[in-house]
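Here's the letter readout for the chains.
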Amino acid sequence: MKESLFSRSTLALAAGLALTLVAGPGFAQEVIAPAAPAAAPAAEAAPALSAGDTAWMLTSTVIVLMMAIPGLALFYAGMTRKKNVLNTVAMVFAAVCVLSVTWMIIGYSIAFGDGGALNAYMGGLDKLFLGHLTKDAMSGTIPESLFIVFQMTFFAITPALIVGSIVERMKFSSLLIFLVLWSLIVYAPVCHWVWGGGFLSEDGVLDFAGGTVVHINSGVAGLVAALVLGRRKGYGTENLAPHNLVLTLIGASLLWVGWFGFNAGSAAAANDSASMAALVTQIAAAAGGLTWMVAEWIFHRKPTVLGVTSGAIAGLVGITPAAGFVDPMGGLFIGIGAGFAAFFFSTTVKKAMGYDESLDVFGVHGIGGIVGAVLTGVFAVEAIGGTAGLLEGNVAQVWIQIYGILATIIWCALATFVILIVLKYTIGLRVPEPVEVEGLDVNLHGETVH
Amino acid sequence: MKLITAVIKPFKLEEVRSSLTDIGLQGMTVTEVKGYGRQKGHTEVYRGAEYAVSFLPKIKIEVVVADALVDKAVESIVKAAKTGQIGDGKIFVSSIEHTLRIRTGESNDAAL
Chain A
1 MKESLFSRST
11 LALAAGLALT
21 LVAGPGFAQE
31 VIAPAAPAAA
41 PAAEAAPALS
51 AGDTAWMLTS
61 TVIVLMMAIP
71 GLALFYAGMT
81 RKKNVLNTVA
91 MVFAAVCVLS
101 VTWMIIGYSI
111 AFGDGGALNA
121 YMGGLDKLFL
131 GHLTKDAMSG
141 TIPESLFIVF
151 QMTFFAITPA
161 LIVGSIVERM
171 KFSSLLIFLV
181 LWSLIVYAPV
191 CHWVWGGGFL
201 SEDGVLDFAG
211 GTVVHINSGV
221 AGLVAALVLG
231 RRKGYGTENL
241 APHNLVLTLI
251 GASLLWVGWF
261 GFNAGSAAAA
271 NDSASMAALV
281 TQIAAAAGGL
291 TWMVAEWIFH
301 RKPTVLGVTS
311 GAIAGLVGIT
321 PAAGFVDPMG
331 GLFIGIGAGF
341 AAFFFSTTVK
351 KAMGYDESLD
361 VFGVHGIGGI
371 VGAVLTGVFA
381 VEAIGGTAGL
391 LEGNVAQVWI
401 QIYGILATII
411 WCALATFVIL
421 IVLKYTIGLR
431 VPEPVEVEGL
441 DVNLHGETVH
Chain B
1 MKLITAVIKP
11 FKLEEVRSSL
21 TDIGLQGMTV
31 TEVKGYGRQK
41 GHTEVYRGAE
51 YAVSFLPKIK
61 IEVVVADALV
71 DKAVESIVKA
81 AKTGQIGDGK
91 IFVSSIEHTL
101 RIRTGESNDA
111 AL
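Protein sequence lines correspond, in order, to chains A and B.
Heads up: the first sequence begins at 1 in the numbering used here, then just goes up one per residue.
Heads up: the second sequence begins at 1 in the numbering used here, then just goes up one per residue.
No wet-lab data here; the hints were simulated from the structure.
Each hint should be verified, as a subset may be incorrect.
[As the list claims (entries may be wrong)] Restraint ranges, calculated between C-beta atoms of paired labels, are given here: (1) A:G234 x B:I86: 26 to 36 Å; (2) A:H450 x B:S54: 47 to 57 Å; (3) B:R103 x A:G236: 49 to 59 Å; (4) B:K82 x A:F93: 43 to 53 Å; (5) A:V246 x B:K82: 26 to 36 Å; (6) B:T43 x A:L49: 57 to 67 Å; (7) A:L130 x B:A52: 51 to 61 Å.
Virtual Cβ for every residue (Gly too), placed ideally from N, Cα, C.
Full structure from sequences and hints, please.
Written out as structure tokens, the structure is:
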């Protein structure tokens, strides 16, 4: 049963990819005027350091770190069963540690280095170990060291998001190796495409704070990982209910607060663009939470804690690519759209498909990210972000957005699948069944929560 | 001597305890238990995943009383624990052969 489901899903995935591969180049031809990337890495001249910008970016950096630990760790911890809570938080925390070091060693160079002939697709190895960095090096109006650590927090949280898809059954060692490989083969190149001067920014794809780079990427990887790994034992028959949704609510709240650093921080300055991004972020988060809650009230009869928190996260995901490009009305509609799409996918579609993507990383981040990226092309306002969207008559921007989404999905799905298959047949991905039954906390970590 | 075992709704514990104290009983043993009868369980929905919760939390009270007090004790438990809703619980009465107070060595009724 498990095998046949897996092969069917794989087949569907492969068919979808084949379709999008055919469609991809068609969209590319419709590309129009390129937009400025949200965060330009290298300084052209030698601009003066802005104390205001630097202060805001230092603040943004630490609150984005707070999104991952403890925000994301708690958000996920509350949704797992009591026997696997410590494993869940350990995976997120250890991911932040190992990915921060990876970024220092090679990640930054691949994402923001000079790729020479391959620069459209990835950076080079000129910034290994950050050996190039000097104290007075600048990135725009802030020190390059600050730009590196700000981007480091993005590099740390994105792979950590995937943890939600594989909790309660994956080997700790395999997860850490997977995250390092994934961050270098998937995240760093896609980050280069969008923010490092690669082909997506050249082609005019709008992604202010990481709708494609962070959310579609982690969501698609989560779905592929859930399919390759298989379902948790007892999925669909046993009670796998969340053990403490107060933890989830605290985690979601920390994510929400941290998201101001994520979105408004992506302006890389303390200015009007950052302020507008902050405003629409709050609007979309609230609208997303309300939408999921009301939808669930109507369709499942009760408004739940898990629902309203999930909806707020979906709204935040949706506004991420749009933050610096849309006005408050755009923020409202993006929050509603992302909230409802994520609700529909995480409840109805997932149930019908029968795969166990444990904590809905694809349902919330993948779907919310896709909806947000498309709607960015619809609601973009020229007076705010410099690019007009569909509503201002620029129909082509929607196609450019879809092109960016497809490029990300194809590369991410293929590369994630290959990495996981290699690991599956070398070191193995899943814990032995008795360990899964008794719990990962005591077996993998020798600790229990209480 | 009789053992009265009563399974009641958790929020009724305090009322049952004070009504038994009122008729002169001096102690009881209480356990948090789970179970189901006609009330069955309920379902919980998490992001569309529905889980049946078959066992509901209940309180089990165990109290040993002298023969003369049994009817009065049962009556006051019923009075205090009854809501009229399904799931109010059950009372079982059984015989006890011997009782001994550890500290003093008193036995049977003197030990209650």
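Query - Assessment of proposed distance window 51 to 61 Å (beta carbons of L130 of chain A, A52 of chain B) - result: Between L130 of chain A and A52 of chain B, where Cβ atoms are some 55 Å apart, the hint holds.
Query raised in the report: Does 26 to 36 Å hold as the CB distance between G234 of chain A and I86 of chain B, or does it fail?
Result: 30 Å, holds
**Report entry** Outcome for the supplied range 47 to 57 Å, where the beta carbon pair is H450 of chain A and S54 of chain B
**Finding:** 25 Å, violated
Report task. For V246 of chain A and K82 of chain B, compare the CB-CB distance with the range 26 to 36 Å and indicate the outcome. Result -> About 34 Å separates the Cβ atoms of V246 of chain A and K82 of chain B, which means 26 to 36 Å holds.
Report task. For the range 43 to 53 Å, tell me whether the beta carbons of K82 of chain B and F93 of chain A fit it or not. Result -> 51 Å, holds
**Report entry** Cβ distance range 57 to 67 Å for T43 of chain B and L49 of chain A, holds or violated
**Finding:** 59 Å, holds
Query - Hint check for G236 of chain A and R103 of chain B - Cβ pair distance inside 49 to 59 Å - result: Holds - the Cβ-Cβ distance for R103 of chain B and G236 of chain A, about 55 Å, lies within 49 to 59 Å.
Checked against the numbered hints given earlier, this structure breaks only hint 2.
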